[in-house]
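Protein chains in written order, with this note's numbering: chain A, 62 to 536; chain B, 62 to 536.
These are computed hints drawn from the structure, not numbers from a lab.
The beta carbon of each residue, even a glycine, is placed where N, CA and C say it ideally should be.
Among the hints, erroneous ones may be present.
27 Å max Cα-Cα, derived DSSO-like pairs, lysine-lysine [as the list claims (entries may be wrong)]:
| hint | chain 1 | residue 1 | chain 2 | residue 2 |
| --- | --- | --- | --- | --- |
| 1 | B | K492 | A | K120 |
| 2 | A | K492 | B | K120 |
| 3 | B | K492 | A | K333 |
| 4 | A | K499 | B | K492 |
| 5 | B | K402 | A | K492 |
| 6 | B | K120 | A | K402 |
| 7 | B | K499 | A | K492 |
Derived list of chain A stretches under chain B, where covered just means 3 residues or more per stretch with a C-beta under 8 Å from a C-beta of chain B [unchecked claim]:
| hint | segment |
| --- | --- |
| 8 | 73-84 |
| 9 | 324-338 |
| 10 | 352-366 |
Partner residues are not named here, just some residues of chain B that face chain A (Cβ under 7 Å, in silico) [stated by the list, open to error]:
| hint | residue |
| --- | --- |
| 11 | G140 |
| 12 | M364 |
| 13 | L367 |
| 14 | Q449 |
| 15 | S475 |
| 16 | A509 |
| 17 | Q529 |
Number of protein chains: 2
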Amino acid sequence: MKADLIIAHAFVLTMEGKGVGMVENGAVAVKGDTILAVGATDEILAAYQAERMIDGTGKLVMPGLIDAHIHTGLSIFRGMAQDMSHWMQKGLWPFKKNTDEDESLKGSLVTIIEGIKAGTTTFCDFDHSMNRIIQHYAKVGARARVAETVNELPDDIGQIPVGELYPLDPSIGEKKLKDSIRLFEEWHGKENGRITCLFGPQGADMMGAELLLEVKELAQKYDTQIHMHVAQGDREIDQMVKRYGKRSIPFLDELGYLDSRLMAVHLTEATKEETQLVAKSGASMIYCAGSIGIIDGLVPPIMDFLEAGGQAALGSDQAPGNNCNNMFNEMKFAAILNKVKRSDPRVFPAWLSLRLATIESAKAIGLDHEIGSLKKGKKADIVILNLQDPSLCPIYTDPIRNIVPNLVYSARGSEVETVLIDGQVVMEDRKLTTVDEKEAIRQAQEAADRISRRSREDIAAAGSDVYQMMEEGYL
Amino acid sequence: MKADLIIAHAFVLTMEGKGVGMVENGAVAVKGDTILAVGATDEILAAYQAERMIDGTGKLVMPGLIDAHIHTGLSIFRGMAQDMSHWMQKGLWPFKKNTDEDESLKGSLVTIIEGIKAGTTTFCDFDHSMNRIIQHYAKVGARARVAETVNELPDDIGQIPVGELYPLDPSIGEKKLKDSIRLFEEWHGKENGRITCLFGPQGADMMGAELLLEVKELAQKYDTQIHMHVAQGDREIDQMVKRYGKRSIPFLDELGYLDSRLMAVHLTEATKEETQLVAKSGASMIYCAGSIGIIDGLVPPIMDFLEAGGQAALGSDQAPGNNCNNMFNEMKFAAILNKVKRSDPRVFPAWLSLRLATIESAKAIGLDHEIGSLKKGKKADIVILNLQDPSLCPIYTDPIRNIVPNLVYSARGSEVETVLIDGQVVMEDRKLTTVDEKEAIRQAQEAADRISRRSREDIAAAGSDVYQMMEEGYL
Chain A
62 MKADLIIAHA
72 FVLTMEGKGV
82 GMVENGAVAV
92 KGDTILAVGA
102 TDEILAAYQA
112 ERMIDGTGKL
122 VMPGLIDAHI
132 HTGLSIFRGM
142 AQDMSHWMQK
152 GLWPFKKNTD
162 EDESLKGSLV
172 TIIEGIKAGT
182 TTFCDFDHSM
192 NRIIQHYAKV
202 GARARVAETV
212 NELPDDIGQI
222 PVGELYPLDP
232 SIGEKKLKDS
242 IRLFEEWHGK
252 ENGRITCLFG
262 PQGADMMGAE
272 LLLEVKELAQ
282 KYDTQIHMHV
292 AQGDREIDQM
302 VKRYGKRSIP
312 FLDELGYLDS
322 RLMAVHLTEA
332 TKEETQLVAK
342 SGASMIYCAG
352 SIGIIDGLVP
362 PIMDFLEAGG
372 QAALGSDQAP
382 GNNCNNMFNE
392 MKFAAILNKV
402 KRSDPRVFPA
412 WLSLRLATIE
422 SAKAIGLDHE
432 IGSLKKGKKA
442 DIVILNLQDP
452 SLCPIYTDPI
462 RNIVPNLVYS
472 ARGSEVETVL
482 IDGQVVMEDR
492 KLTTVDEKEA
502 IRQAQEAADR
512 ISRRSREDIA
522 AAGSDVYQMM
532 EEGYL
Chain B
62 MKADLIIAHA
72 FVLTMEGKGV
82 GMVENGAVAV
92 KGDTILAVGA
102 TDEILAAYQA
112 ERMIDGTGKL
122 VMPGLIDAHI
132 HTGLSIFRGM
142 AQDMSHWMQK
152 GLWPFKKNTD
162 EDESLKGSLV
172 TIIEGIKAGT
182 TTFCDFDHSM
192 NRIIQHYAKV
202 GARARVAETV
212 NELPDDIGQI
222 PVGELYPLDP
232 SIGEKKLKDS
242 IRLFEEWHGK
252 ENGRITCLFG
262 PQGADMMGAE
272 LLLEVKELAQ
282 KYDTQIHMHV
292 AQGDREIDQM
302 VKRYGKRSIP
312 FLDELGYLDS
322 RLMAVHLTEA
332 TKEETQLVAK
342 SGASMIYCAG
352 SIGIIDGLVP
362 PIMDFLEAGG
372 QAALGSDQAP
382 GNNCNNMFNE
392 MKFAAILNKV
402 KRSDPRVFPA
412 WLSLRLATIE
422 SAKAIGLDHE
432 IGSLKKGKKA
442 DIVILNLQDP
452 SLCPIYTDPI
462 RNIVPNLVYS
472 ARGSEVETVL
482 IDGQVVMEDR
492 KLTTVDEKEA
502 IRQAQEAADR
512 ISRRSREDIA
522 AAGSDVYQMM
532 EEGYL
C-alpha cells in the first residue's frame, strides 16, 4: 500500500495504552494528514511503500506535544515580570498599556516558533486579538485550539490599585463576546480542521455572572469547550469574596459551570475540597508548573486533582514570568515540584509528565480523537528527536528502559530535529519550513525597542521589585 | 597592545561587583590563557589589536559555568535511578556492581562533553578511578578540581540490606587514601594549573573517625580543600546515629571538620541550627537542586545557609537520577524550588542562581582568584551564547534588562555556541575541537550494552519501583 512518508528503525513512543506504548525498532507510515499505521519496522515495511523514507536509527518518534494553555500575545514581554510580587499589576501592565496589537503579534509569532522548535505541535492559545494571532497558526502550519479573551475590564485596569474591586463594564463584555463569536464562525474547523475555537472567559472575577452564563450557552450552542482561569491567585479570590462573598469554585458550581466543557486553568488557590469538586465534575485541569512556580511561588493541587480521578494537562502559560514556552520545561518542573511538595521521589514519575503533555492533554482539551498518540487514523502530528545527544546518552532498553526519564528530566527541546503537523513537515533539521525565523526575531526586537522607549515612566512609577533590581545592578 | 583574541560588540556579563556586572556593547581581550581586559567595546578596540576578532553582536559573553559537584563516573547509568525509593541501593548499586572501570570511563567522557556544550568550564569531579577520569579533562581541555573518593566500604556494599550498619574496613580506607595522595602528587597544578586536586571523603558514615582525621591532616599539609557529602540523606543520619549516637554535623563539629577547607555537599538532612553552624564555620555548601529534588523529593536548606552568611555553589551531582549535568537546569531548579519552599516568588531571583554558578561558586571551591568572573588577570574561561534564539527573544535593556532572567529561566544550554577554557577554544559553533563527540557517544553506548546484559539478574532481584514500571509499560 502507498504511503507518503515512512519513518522506520526508530524508538516509537506511541503513548497508547496505560503507559508510554514504546515500540523498539518501530515505524510510522503517514499518508496526507493521517497516520496510516504504527508498528514494528519489518511489518510496516512489508505492508507499505513510500516516496519519502526517514531513517529513524538512533532517533525517537513520538506524538507532538500539546501546550494546553498559552498566551502567545504576552510573549513580547518575555522576562519582564519574574522574581517579584504583584507580577501582573506591577510587572506586566505597565508594559502592556504601552503596547499596540501589532507589537504584541510580533512576540506571538516568535513564541509559536519557540514552541515548535521544542516539539509543541498543538497550542491552546488564549488571548486578545485572536483573529490576528490565528493567522500565525494558519501560516506556520501548527495545530491551534484558540480562545479570544472575554472580560468586562476597561483598558486602564492596570491603574486600579492592588486590592480594589475591578470596575466591570457589561458593554465591554458584550463587544468582546461578539469578537469571540466572530472568531468561532470565521475560523472553527478551518485549515483542514487544524484550527478550532473555544470560548475564553478570563476569570470569574473579571466579568459579571450574566456574561458568564451567556458564554456557557454559546459553548453549548456551538458544542465546544470553555477555556478559563479558575482560582488563579489570591487576587482573584479576594475579588470574588469582595464582590459575591464567595470563593471562585463554589460560585462557579452554583452557576452550573463545572462540567466536562470546562478547561479550568491553574486552580492555584483551590482548597483540597474545591479541587476534588472540579475533578469529579468532569472539568479538566490545566497545570502550568513553571509559570505558577515562578510568578506565585506555588505548586497548584494537581496531585489532589489526579487522585480524585480528574483529567489534566500541562501548559506553559506566559513568557513574561515563566520565561519560556517549552513543554520540556513544563514536564520537568511538574515532576520535580510535586516530588518536593509531597517529599517523595516516587510522586509524579516521568511517564506521568509525558502523558500530561500528550494523550491525557488531548483528552483534556477534547482532541483525543485526532491527536495525543501515534495510532492508525489519528492526525500525523509527529516529532522526531535525536537520541545521539550527550544529554540522552547512553540508551538502555533492558532490564530497564531509560528513554522516557531522560526525555523528561534531561532533554531540553533542542534535541527535536523534525516536526510534522497535520502531515506537513513544518521543521526539518531544526529549520522552520513555513516561516522565516530570523525575520520573525528581527521584527519582535524592533517592536520591543519601541515598547521599551514608551514604558520608561510607567515602569519607574510602578516601582516593582524588578525595577529595583535593575537600579541596583542585578539585571 | 597585542591580544590573541577580542570578542566585541557583545552583552558582557562580567559577574563583577555585587550584581551581575553587565556591560552593554562590551568587549573582552584575551592573550594566552588570560583575560587582558574587559570593558566598553570602543575602549577595548582603542587599546588592543588581535589576530582573531569575534563579532559579539546579538551575543552574550559570560564566565564559564562552574559545576561544583559532579560524579562523572556515574554517568554511564544516566536515567536508571529516578522516580523511586532507595535510589542508591535499589537503583544504582545493582548496575554498579556489574560495571568495570573502563565502562564507567566511557560515560564520564560523554558527560564532560554534555557539560561543555551547556557552558560548564570547571568541573569539581568526585569519583573513584580519578587518576583515569582526570585524563579526560587533560585531553578535552576543561578545568577540573577533582577528588578521589575515599571510604572504608567493601565493594559488595550494595548487598547490605537497607538499614543495616555498613561494615567499615580500615585497610580499604588506607588504600584509597594512598590513591588520593598519588593523584594529588601526580596531577595537582598540572596542565598549566588547569587541574587541581582536593581530598574526597565520601561521607562521615562511610569511614571511621580516624581516617577522617588523617584526611584532614593531609588537606592541611597539601593546603587544599576537602570535598565531602554532609548530611546527605536519612540513610546517612541513620548510620551515624546507629554508630555514634550522633547526627553527622555535630559529629563533624566535634572532630574539628567544620572550617573553610570544607566543601559540604547537600546538607539535605541538616536542621536549621546545623545549617547555620556549617555556614558560620566558613565551610561552603554545594547545593544540588535537581539531583536532590529527583532522588529524595527534598529541597536542601540553601536559603537558611545563605541567610546565615554562608558561601554556596550549585552542582549537578549525578546522572542516574538527575538526569543531566547541565548547569542551566540547576540554576532553574534552584530558583523555582526555593520559591515554592518559601511560597514567595521573590525568593532566589535569577541573579542569585547565576552568581551561585559563577563567582560565588568560584569562591566556594577556592578558585576565585582565577575564575568565576570576567576580570583583567583572571583565566580566560569564557562562554559565548546566541541571544538571537526564540527562547531569549526579544532583548530589553531599558527600563528593565531581561537577559539574566531569561538566561536562568528560559535558556536550555543549547544557546552556548563557543567555549574558551584557559584561553583555548574547546567548542566552536557547538562543535568540540579537542575530542570526537560522536565517537565518545558510540563507545559509551557499547559499554552500556555490555552493562545491560550483565545486570539483568541483579536488577530483577532488587525489585525497584523503576523495574516495576518497566514491567508495566511505563518506560
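So, going through the hints one by one against the coordinates:
no. : hint            : result
1   : B:K492 / A:K120 : 20 Å, holds
2   : A:K492 / B:K120 : 20 Å, holds
3   : B:K492 / A:K333 : 50 Å, violated
4   : A:K499 / B:K492 : 22 Å, holds
5   : B:K402 / A:K492 : 40 Å, violated
6   : B:K120 / A:K402 : 38 Å, violated
7   : B:K499 / A:K492 : 22 Å, holds
8   : 73-84           : holds (count 6)
9   : 324-338         : violated (count 0)
10  : 352-366         : holds (count 7)
11  : G140            : 3 Å, holds
12  : M364            : 12 Å, violated
13  : L367            : 15 Å, violated
14  : Q449            : 6 Å, holds
15  : S475            : 4 Å, holds
16  : A509            : 4 Å, holds
17  : Q529            : 10 Å, violated
Hints 3, 5, 6, 9, 12, 13, 17 from the list above are not met by this structure, while the remaining hints are.
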